[in-house]
Every structure is written in C-alpha cells, then in structure tokens.
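Asks: Fit chain B to the supplied structure of chain A, relying on the hints for placement.
There are 2 protein chains.
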Amino acid sequence: MSDFNKTRSEFHLPEGLIYLDGNSLGPLPRKAAERVASTITAEWGDMLVTGWNKAGWMAKPTDIGDRIGKLIGAPAGTVVMGDTLSIKVFQALASALRLRPDRKIILSDTGNFPSDLYMAEGLVGLLGQDYSLETVAPEEVEGAIDETVAVTLITEVDYRTGRMHDMKRITEKAHAAGALTVWDLAHSAGAVPVDLTGADADFAVGCTYKYLNSGPGGPAFIYVRPDLAESAEPALAGWLGHEQPFAFDQNYRPGRGIERMRVGTPPVLQMAALEAALDIWDMTTMADVRARSIELTERFIAGVEAACPELTLATPREAALRGSQVSFRHPEGYAIMQALIARKVIGDFRAPDILRFGFTPLYIGEAEVEGAVKIIAEVMDGKLWDREEYKRRARVT
Amino acid sequence: MSDFNKTRSEFHLPEGLIYLDGNSLGPLPRKAAERVASTITAEWGDMLVTGWNKAGWMAKPTDIGDRIGKLIGAPAGTVVMGDTLSIKVFQALASALRLRPDRKIILSDTGNFPSDLYMAEGLVGLLGQDYSLETVAPEEVEGAIDETVAVTLITEVDYRTGRMHDMKRITEKAHAAGALTVWDLAHSAGAVPVDLTGADADFAVGCTYKYLNSGPGGPAFIYVRPDLAESAEPALAGWLGHEQPFAFDQNYRPGRGIERMRVGTPPVLQMAALEAALDIWDMTTMADVRARSIELTERFIAGVEAACPELTLATPREAALRGSQVSFRHPEGYAIMQALIARKVIGDFRAPDILRFGFTPLYIGEAEVEGAVKIIAEVMDGKLWDREEYKRRARVT
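Going down the list, the sequences are from chains A and B.
Following the numbering used here from start to finish, the first sequence increments by one per residue and tops out at 397.
Following the numbering used here from start to finish, the second sequence increments by one per residue and tops out at 794.
Calculated directly from the structure, the hints in this document are not laboratory data.
The model shown is predicted, which means the values in this text are computed figures rather than measured ones.
Treat the hints with care, as some may be off.
What the hints assert, rightly or not - Under 8 Å between C-beta atoms, here's a sample of chain B residues computed to sit facing chain A:
| # | residue |
| --- | --- |
| 1 | 434 |
| 2 | 454 |
| 3 | 511 |
| 4 | 633 |
| 5 | 661 |
| 6 | 747 |
| 7 | 748 |
What the hints assert, rightly or not - Computed list of lysine-lysine pairs in BS3-like fashion (alpha-carbon distance at most 27 Å, straight line):
| # | chain 1 | residue 1 | chain 2 | residue 2 |
| --- | --- | --- | --- | --- |
| 8 | A | 54 | B | 428 |
| 9 | B | 451 | B | 501 |
| 10 | A | 31 | B | 428 |
| 11 | A | 31 | B | 451 |
| 12 | A | 54 | B | 741 |
| 13 | B | 467 | B | 565 |
| 14 | B | 403 | B | 451 |
| 15 | B | 741 | B | 403 |
| 16 | B | 451 | A | 344 |
| 17 | A | 104 | B | 501 |
| 18 | A | 70 | A | 54 |
We put the beta carbon where it would ideally sit given N, CA and C, even for glycine.
Only chain A is shown next, with the shape it has when bound in the complex (with noise of 0.2 Å):
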C-alpha cells in the first residue's frame, strides 16, 4: 500500500480546514510554487524564446499527456494536453462526426455536465443538415444507442451524484452499432481506475485541475485511440498540430497521431505547476489511491447516514458503481452547505439539492472523514443553518 502520508505532506492544506473539494479545485502541491517560479525566471526570464526548445516547452503537452496516458489506461503517445476541457468536447465530437458522415446524432446523458452540452449543442447548431443532439437519462443511454448515433458523448462519473458510468459496456455497445465514443473524464482521471485501452475507447477528453491537481485553469487534455488516430480530422485546425508548424505552409497538414489535436501555443505556466502535481502521482498507484478512496467513502457514508436522518444519499450504495466523491440530498442543501464551510467543512452545493463531497486519499485521511462526519451531524441536529437564506451564486464545479 502507499504512503498517504508521504503524498499528504506534498500538499499545502490550510490549517483547520476539511477541504472535501478537490473534485473541483484540487490543493496546491507544496512544490508546485517552486516549480512554477523556476519557469518563470530561468526559463522564460533568461531563456526568453529559446525556451521553447531548451526548456522543452514546445513538447511538453505531448510529455505530459504519457504522463496523465498512465493514470487512464492510455499509451505514450495518445494523449496531449491543452486548450479547455470545453474545448476538448468540441474537437473530439467534431472528429468523431466526420469519422461517421452517414450518421448525425450525437447521443447524451442528462446527467452530462452541461458544458459538454453546450459544446454538442454548439457545434450541431454550427453543423446545421439536420444534426442533432439527444439527451436521454442516464440510466437510458446504453439503450438509446443505436445505428443512428454517430457518437455518444458521455461523462463517465456524474458531477452530481458521482454514479459511474460502466465504460467498457457502453463502448462495446457504441461499437456494435457501428458509432464512436467520447468520454468525458473530468471526475475520473485521478480518481478511479480508467482504462481507455481496455475498454476500446475511441475518444477520451478531462480536465486536471481537479483530481490531478494542476490549479486554477490547468490546461484539458485528449486521448485518441491510436488506430483512429491517423484518420481524425481536426476541425480545430491550428498550427501547432500542423505536420511542420515551423515550415509556415498556406495549407494545413495534420500532425502525426496525436500531435493533430494541438491547436495553439501551450500555456507553459500552468503545465508546469501540473508537472509539479503529476510528481505526487508517482508516489503511488492508481490502484491503491482507489481502494483507499473506497475505505473514506464507505466510512463517510456509514457516519452522515447514521447520524443524518434527513440527508439522503444521491450516490450509489455500491462502491463500484460511483466515482470517489459522495453526495447527499437535502430540500434546503445549499443553506446546509454554507453552514458546512462556514464550520471549515468545505464542500460543494449543485442545483437543486445535492451537497457533493470529494474524497481524495493523496491528502484525504480518516480524520477529515471523521471530522466532517461530526460536523455535518452537529449542523444537521442543531438545525445550524441559516433557513432563510437565498441562493447565491454557487462555485465553480
């Protein structure tokens, strides 16, 4: 088993504070901030443009996709990093559309988040001829596939509820009816075992500054199965996926493989606080991170349900079937949630009634567990929070 101990001690952790919220913005990485600052001033200070190649900026989106690759079940060579998960959405479905031009469905979940969404609704508006984005419920979209889907664009762990998609199930049946497959892996990279290779899957897309910790904004990243590689068309064509960017050619030319998924220039700031969070990953593995994270979960569940009467739980009882945080229902969930940060519990509240807990064992330990347990029960028998309290704006996811 690894030391959580030693990954903890990696991490910046304000005093006092159970923070149950690297689902959406994972804690700094102590080492990040040294990091970033060498970037700054040995390399873009004194290396000015040559950083590009002495530093290695050029190709660190392609070093750090192999990197992340090993955390999701994805070969060196079929992940690259940059742009916005949103954007990533975008790019996949695009290229996936063309891989299927008979077809014109992109199939959904309403359990999506809705960016993925927009971005579906996006490019279909742009796309006109009838393209269409359908939405079914969760638990209907492996029924819905079928020869008319182009391609399913699914989120694999829900924002909300934390339920997990079975990824290999709904891959094959994808398959099977002839249409591809973009996964969203916002609250799966780092989270639970991901396995891209295994599961068959076509495109893959996730964000880093949750459970890989990256910080605010750290750049998206793309897996492309490697036999589909060389066939995507990018729709977001930009130079620095072109086969030479340097050789400024009037036309556009696709990168090899993956390096067709690069658009712009790579934000070299945030990719290196990301390199500094990726280190902690090394420290353990993927698997041990998931079994610990099922212990906390279990034991988080277990304590709220046992002293919490009135919040129900929105995530799957069964350990396989959710992602790695927990969610509880309440009418009154976002007061409640405000009353929990108030007492230093830090959670998340998402529309209409979800209170939604990270639980991310790198620097998660059975005293927060515990620790948030009591405060959420003295909240709940205390009746604790504020009733009256109107919605403000909620937090980023």
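Replies: Just chain B, lined up with the frame of chain A:
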C-alpha cells in the same frame, strides 16, 4: 514623453543580450514572478476553490479584457480573455458567418499567419456546403472584397514583413459590400496604436505573449463590436459563456454581450503574469510607444542599410505603413540569423529568406539599436555565418 528608462527597469533582460524578439515572446516583467507566486500561495494555496470569487478569478477575463481594450481602442465590456489566438480566430469567424447566412466566403490574404488560415480551413471543412476560404496577395485583398464575401480575416501587421494593412479603409470597403471583418492583432496590440472603435471593426482577436509580455502561452483575447455582441451566436458554446453558468441548465443560453465569448475555465496563473505585464503599460501611452518605435526602427533601417548592402529591406520604408518590426531579406537568412544569435543579437528567421527584428520601446533603446547594427555589420562584412548550415527547426513566431 514617457520615461522609457523606467519601463525598461521593469523587465528582466539578460546581461549582454540584445533582444529583438519581443514580437515572438516578450521578456519577463520583473513583477510577474512575484504576482504569480502570490496567486499560487495566497490564492490557490489558502483560498482554494473560494479563489474563484474571493480572489476575483472568475471576473479576470473581463477585467483584464478591459485593460487590453484601452490599448486597442475598445470600450469597457467589449474584450474578453481566454483560450489561444487560434481558437479565438475560429470563434470570431464562426460567429461572423452566422451573421451573414447567405454568404459562403471567408476572404484572407497570403500574408496572414498560417494558423489563421488553418483555422479558417478547418471551419469551412466542418461547415461543408460550399463554404470556402479564399486567399489573395496582401495588396489585392482590398480589391477582392465584394458582395460574395461573408467576412474578411486579416492580420493587420504581417508577421514576416511588418507591412501594415489599413484597418479603417478595408473595414469601410467590407461594410460597403455588406461583409464583416475579423482583425488579427497579434503584431498590433502593444505595437501600434489600434482604434477598433474608430475603424468600426466587427471582430478582433489577438495574443498577449508578444508585445504585451504575458509570458509563454498567455491567454488570447477577442473583441466584438458592441452592437453586434448581442446577436453574435457563439459556436464554441462553453459554460462560462452561458447566461448563468452556475445554474447548470441543460440548455445553452448565451451570456450578455462579450461574456458569451468565454468558453471554459480561464488560466488563472497565466492571467496573473499578464496582469503584472499590463501594469507596465500604465506607465506609458500607446502614442509615446509608437513615436519611439518609429525613431528606433528608422535608426535601425538607416544603420543596416548603410552598413550591409547585401540585406534587402522587406519592411515598408514609410513608417506609417509598418508595425513595430523591421525585416530584411537574404537568401542565406537562416544561417545569418544563427550567426547573430550566437553573438547575442536575438531576432527571428522566417522562411524562406526573412530576418525579422522586433523593436519594443518599453525595453529597447538606442544602445540596443546601435549594438545590433554593429554586430549585423560585422557578421555581414566578414561573412561570419556558416554557409553550409542546413535549416534547423525554427522557433515560435
């Protein structure tokens, strides 16, 4: 006149280097390291997810957009930061095409930066239905605008030669033909006075890591003319461009005005560096920068032409017709630039034969101009370059 010794002291400039490549990557503002460090430790580290509101991260794309707006003649509330320039080109073009649904042509010129052309090519490929990208020589672009053109895509200042298009005249011509304009300000913002309002430009996009000195991979910006902003439909319909991102609606409703051009989570660390860089712009005016830039470029042209008859000026001799760079042609330009770089005069080579030198008065003065002229003359006089040197990979534009 602004005190350029003062702005110069705000930059870290490596000893002995004559850096004439700020039009590729601007140098490090001394306060950027501290600003980013404080964003990392005091904001990300201590505020964690609450930084989105408490530290104002969520509002930074428009707050910073307003500051950049002042440098490009754009009123408050018309510019927003995010993504990369290539993505912003796509976004502007897609919106423009929707505003001219009966027209199918994007008109550009062969002097445009290749990524702009690639993104346009990717977009028309995606749209199909007879959409096309047409390119003509830069000097022919004005004459090629007619009633078939939906939108022009023009980079104001040519990245190779520094030749500057007349934004106002071309925009007038476009409007007279019922076309819209997308202006790429990559080599304009912070380089020359830009008056988007005065020119009645429809869309403008640009990057911040050249003359604005935001560092490698700094975010791009997009401007939409205020009276178009509410009717411009975003094709890249990301959640942060939604009217209420935190309502987590299933359907996209575009945000107000320029807010709808936001897509995904903004790069907070890169924005912190950009803010430090923009503070330096508060110490001067674009008019002073331009006046000084003309002095420096005139002096450089005169010096090189007097000393190096083998180098042919590629930049317009008339200052009003060029940006803030000077380029010369030579068949062995690549090898010559390597020889200059070895002697610590940093410029850029651009295929096939362009030697490119950027002049940014914020930190470049007569001493650098004279020093560069002297070394260029030595290299040319003594034929000090490796005439056999094969072309190695060039650097980022």
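Asks: Now tell me if each hint is right for this structure.
Replies: Evaluation of the provided hints:
| no. | hint | verdict |
| --- | --- | --- |
| 1 | 434 | holds (6 Å) |
| 2 | 454 | holds (6 Å) |
| 3 | 511 | holds (5 Å) |
| 4 | 633 | holds (6 Å) |
| 5 | 661 | holds (3 Å) |
| 6 | 747 | holds (7 Å) |
| 7 | 748 | holds (6 Å) |
| 8 | 54(A) - 428(B) | holds (24 Å) |
| 9 | 451(B) - 501(B) | violated (46 Å) |
| 10 | 31(A) - 428(B) | holds (21 Å) |
| 11 | 31(A) - 451(B) | holds (24 Å) |
| 12 | 54(A) - 741(B) | holds (16 Å) |
| 13 | 467(B) - 565(B) | holds (18 Å) |
| 14 | 403(B) - 451(B) | violated (33 Å) |
| 15 | 741(B) - 403(B) | holds (24 Å) |
| 16 | 451(B) - 344(A) | holds (16 Å) |
| 17 | 104(A) - 501(B) | holds (22 Å) |
| 18 | 70(A) - 54(A) | holds (26 Å) |
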